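S.K.: Listed below, chain by chain, are the residues.
Number of protein chains: 2
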Amino acid sequence: MARWEPNARERLVRAALDLFAEQGYDATTVNEIADRAGLTKTTFFRHFPDKREVLFAGQGAHSRLLADAITAAPVSATPLEAVGAALDAITATFTDERREFSARLRPVIAGNSELQERAAFKRAGLAGAMADALRRRGVREPTASLAAEFGVRAFYDAFDEWADPANQRTCAELARHALDELRAAAAALDGQP
Amino acid sequence: MARWEPNARERLVRAALDLFAEQGYDATTVNEIADRAGLTKTTFFRHFPDKREVLFAGQGAHSRLLADAITAAPVSATPLEAVGAALDAITATFTDERREFSARLRPVIAGNSELQERAAFKRAGLAGAMADALRRRGVREPTASLAAEFGVRAFYDAFDEWADPANQRTCAELARHALDELRAAAAALDGQP
Chain A
555 MARWEPNARE RLVRAALDLF AEQGYDATTV NEIADRAGLT KTTFFRHFPD KREVLFAGQG
615 AHSRLLADAI TAAPVSATPL EAVGAALDAI TATFTDERRE FSARLRPVIA GNSELQERAA
675 FKRAGLAGAM ADALRRRGVR EPTASLAAEF GVRAFYDAFD EWADPANQRT CAELARHALD
735 ELRAAAAALD GQP
Chain B
555 MARWEPNARE RLVRAALDLF AEQGYDATTV NEIADRAGLT KTTFFRHFPD KREVLFAGQG
615 AHSRLLADAI TAAPVSATPL EAVGAALDAI TATFTDERRE FSARLRPVIA GNSELQERAA
675 FKRAGLAGAM ADALRRRGVR EPTASLAAEF GVRAFYDAFD EWADPANQRT CAELARHALD
735 ELRAAAAALD GQP
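As you go down the protein sequences, you meet chains A and B in turn. In this note's numbering, each residue's number is its place in the first sequence (first place is 1) plus 554. In this note's numbering, each residue's number is its place in the second sequence (first place is 1) plus 554.
Simulated from the structure, these hints should not be mistaken for laboratory data. Since the structure is predicted, the reported quantities are computational estimates derived from the model, not experimental observations. All C-beta atoms, glycine included, are put in the ideal place defined by N, C-alpha and C. Accuracy of the hints is not assured; some may be wrong.
[Said to hold, decoys possible] On the chain B side, residues computed to face chain A include the following (Cβ under 10 angstroms):
1) Asn-585
2) Glu-635
3) Glu-695
[Unchecked claim] Ranges between beta-carbon positions, derived for each pair:
4) B:Ala-657 to A:Glu-564: 31 to 39 angstroms
5) B:Gly-592 to A:Arg-737: 54 to 62 angstroms
6) B:Arg-660 to A:Asp-714: 48 to 56 angstroms
Given the sequences, and given the hints that come with them, work out the whole structure.
M.R.: Listed below in C-alpha cells is the structure:
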C-alpha cells in the first residue's frame, strides 16, 4: 500500500515552482522536484502525469467551482449575472496566502511557450465549463459561449492585477470590476473608437 | 547551395496530413513525412521546426492578413466593422480547393490533445494580432480585445461550418453571419435566457 504523505500534492507544486523559477522549466526534472519536496518519484506520479501538469493541477477543481456556481445561480439571473456568481466562487479561493505563489507563477509561465500553450488550453477549458453550465440553464448559443468568454477574461484580468505586488484589492473585487468593464466595452464595439 | 524544390512547403503539409489521418499523429515521423512528399528530412527542417508546426504553418500569414485589413479599414469604421473587414480578408483565402483539406484537418486536430493545445495557442495569437491592430487605431481596452475575440470566434465558427461537407455557403458569408450573431448575442448577455 502507498504510504500516506501529508500535503504531498501541495509540497510537489511548491517544489516545482521553486525549481522552475530558480533554474528554468526545461532544466528541471521530475526527480529533482520529488527530491526537493522530500518525496519519491513514485509519489510524484501518483499525483501528476508529468512535470508540466504540476502547474495546472487546479484546472479540474476550478472548472467545477465555476460550473457549480452557475448552476446554483437564481433562475432569474441573466447570463452575465450567473457568470458573476461563478467569478465570486472562484476568486474566493484566491486568498492572500496564495498571492505570493501566484505572483511567482506568472513569469515562469510567461517564459516558456510550452507552458503558455498549456495555459491557453486551461483557459479554454474553464470557458467551456462555464458555457456548458450556462447551456444547461437554457442559455442559447452563441450567448452562452460569449458570456463564458467574458467570465474567463474578467477572471484572468483580475488574476493578473491581483498577483501584482502593488495591488491592494481582493481578487473578487477586481473580477467584478473587470466584468463591469467588459459589459461597458461590449456596448462600445459598434461605436467610435 | 540548397536545391530548389517546387512547392516543397505545400507538398510537406499535404504529406503530413495524409499520414496523420492514415496512421495517427503520434505514430508519424518527420522522415515518413519527407519520404511521402518525395523530399529529404533536411528540406523538411528548412520549412518547419518539427512535425507539429506543419499543421500551423499559416499562423504568421493569417495574423498579418487580419492585422493589415484592420489597419486598412476606413478611419470611420467601428471596432466590429474593422474586424468584419479582417474576416473578409482571411476568409477570401479559404477557397473551394482548400475545403477538402480543411475538412480532413479538423478530425486530426480534434483527436490529439497536443494539437488541440497548439490550435488554442494559434487562436489566441490571431486574436492578439487583431487586438494589436485595433489598439493602433486608437481602440481602447478592453474593447479592442473583445472585438478581436468576436473576430476569432466568428472566424472559427465559420470555418467549422464551411469545412462541413454539407455546407454550400462561402467561408466569407458564414463569417459575416457569425459576426452578426455575436453582435446580437452581446445584446442578450444581460437579458433573460
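S.K.: With reference to the structure, classify each hint as holding or not holding.
M.R.: Status of the hints after comparison with the structure:
At its closest, the beta carbon of Asn-585 (chain B) sits 24 angstroms from a beta carbon of chain A; the interface hint therefore is violated under the 10 angstroms criterion. Of the supplied interface hints, the one on Glu-635 (chain B) holds, with its beta-carbon coming within about 7 angstroms of a beta-carbon of chain A, less than 10 angstroms. Interface restraint check: Glu-695 (chain B) against chain A, minimum CB-CB distance 8 angstroms, threshold 10 angstroms, status holds. At about 46 angstroms, the beta-carbon gap between Ala-657 (chain B) and Glu-564 (chain A) misses the expected band of 31 to 39 angstroms.
At roughly 56 angstroms, the beta carbons of Gly-592 (chain B) and Arg-737 (chain A) sit within the given window of 54 to 62 angstroms. For Arg-660 (chain B) and Asp-714 (chain A), the hinted distance range of 48 to 56 angstroms is not satisfied, since their beta carbons lie about 33 angstroms from each other.
Of the hints listed earlier, those the structure fails to meet are numbers 1, 4, 6, in rising order.
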